[in-house]
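**Q** Sequence:
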Amino acid sequence: MDSRDKKGIAKVVSSFGYAIEGFLYVCKTQRNMQIHVAASFIVLFLGAVLSITAGEWVVVLLLIAGMFSLELMNTAVEKVVDLVSPEYHILAKHAKDAAAAAVLVYACFAVLIGGIIFLKYLF
Numbered sequence: 059m060d061s062r063d064k065k066g067i068a069k070v071v072s073s074f075g076y077a078i079e080g081f082l083y084v085c086k087t088q089r090n091m092q093i094h095v096a097a098s099f100i101v102l103f104l105g106a107v108l109s110i111t112a113g114e115w116v117v118v119l120l121l122i123a124g125m126f127s128l129e130l131m132n133t134a135v136e137k138v139v140d141l142v143s144p145e146y147h148i149l150a151k152h153a154k155d156a157a158a159a160a161v162l163v164y165a166c167f168a169v170l171i172g173g174i175i176f177l178k179y180l181f
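Per the working numbering, the very first residue in the sequence shown carries number 59; after that it's consecutive.
Keep in mind that the hints were calculated from the coordinates and are not lab data.
Please read these numbers as outputs of a predicted model, since none were measured by experiment.
Fair warning: there could be bad hints in the mix.
[Stated by the list, open to error] Beta-carbon label-pair distances, calculated as ranges:
1) Val142 with Val70: 44 to 54 Å
2) Ala112 with Leu149: 25 to 35 Å
3) Thr111 with Lys137: 20 to 30 Å
4) Pro144 with Tyr76: 40 to 50 Å
5) Val142 with Ile93: 41 to 51 Å
6) Val117 with Ala96: 16 to 26 Å
7) Ala68 with Ala159: 35 to 45 Å
No residue lacks a Cβ here, since even glycine has one placed at the ideal position from N, Cα and C.
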């Protein structure tokens with residue numbers, strides 16, 4: 059392994075570190091992400107207790123990953139908009155509202171799909 063390979067590996071490792079740092083920042087500072095994390099733990103616990111099928115696990119895990127990803131992107135949009143437009147601007151508001159709406163739409167459908175999966179086990 060030559061020094062170029064080591065530098066490439068170090069870049070990859072540091073990029074994972076930055077991603078983890080970003081995830082932890084959002085978890086620590088964003089109330090909605092904290093709610094999503096808490097809800098995810100409840101869903102994972104419920105899935106284990108109710109012994110949902112492998113296919114249902116795949117759906118649940120995809121829903122959780124999608125929710126986290128959208129919340130991370132929403133925070134990124136909000137921070138960039140705040141950076142480039144520190145004073146109120148209607149276009150900044152529209153950008154932030156649209157990003158928040160994306161999270162809301164996904165969350166509503168995630169709850170609906172979760173209901174389809176879990177209600178048959180509960181009743």
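**Q** Are Pro144 and Tyr76 spaced within 40 to 50 Å by their CB atoms?
**A** 24 Å, violated
**Q** Given a hinted range of 25 to 35 Å, is it respected by the beta-carbon distance of Ala112 and Leu149?
**A** 45 Å, violated
**Q** Taking the CB of Thr111 and the CB of Lys137, does the distance hold inside 20 to 30 Å?
**A** 39 Å, violated
**Q** If I claimed the Cβ atoms of Val142 and Ile93 lie 41 to 51 Å apart, would that claim hold in this structure?
**A** Violated - the Cβ-Cβ distance for Val142 and Ile93, about 28 Å, lies outside 41 to 51 Å.
**Q** Quick one: are Val117 and Ala96 within 16 to 26 Å, going by C-beta?
**A** 20 Å, holds
**Q** Quick check: does the Cβ-Cβ distance between Val142 and Val70 fall within 44 to 54 Å?
**A** 30 Å, violated
**Q** Just to be sure I understand the hint, the distance between the Cβ atoms of Ala68 and Ala159 should be within 35 to 45 Å; is that true here?
**A** Holds, at about 39 Å.
Violation of the numbered hints given earlier is confined to hints 1, 2, 3, 4, 5; the remaining hints are satisfied by the structure.
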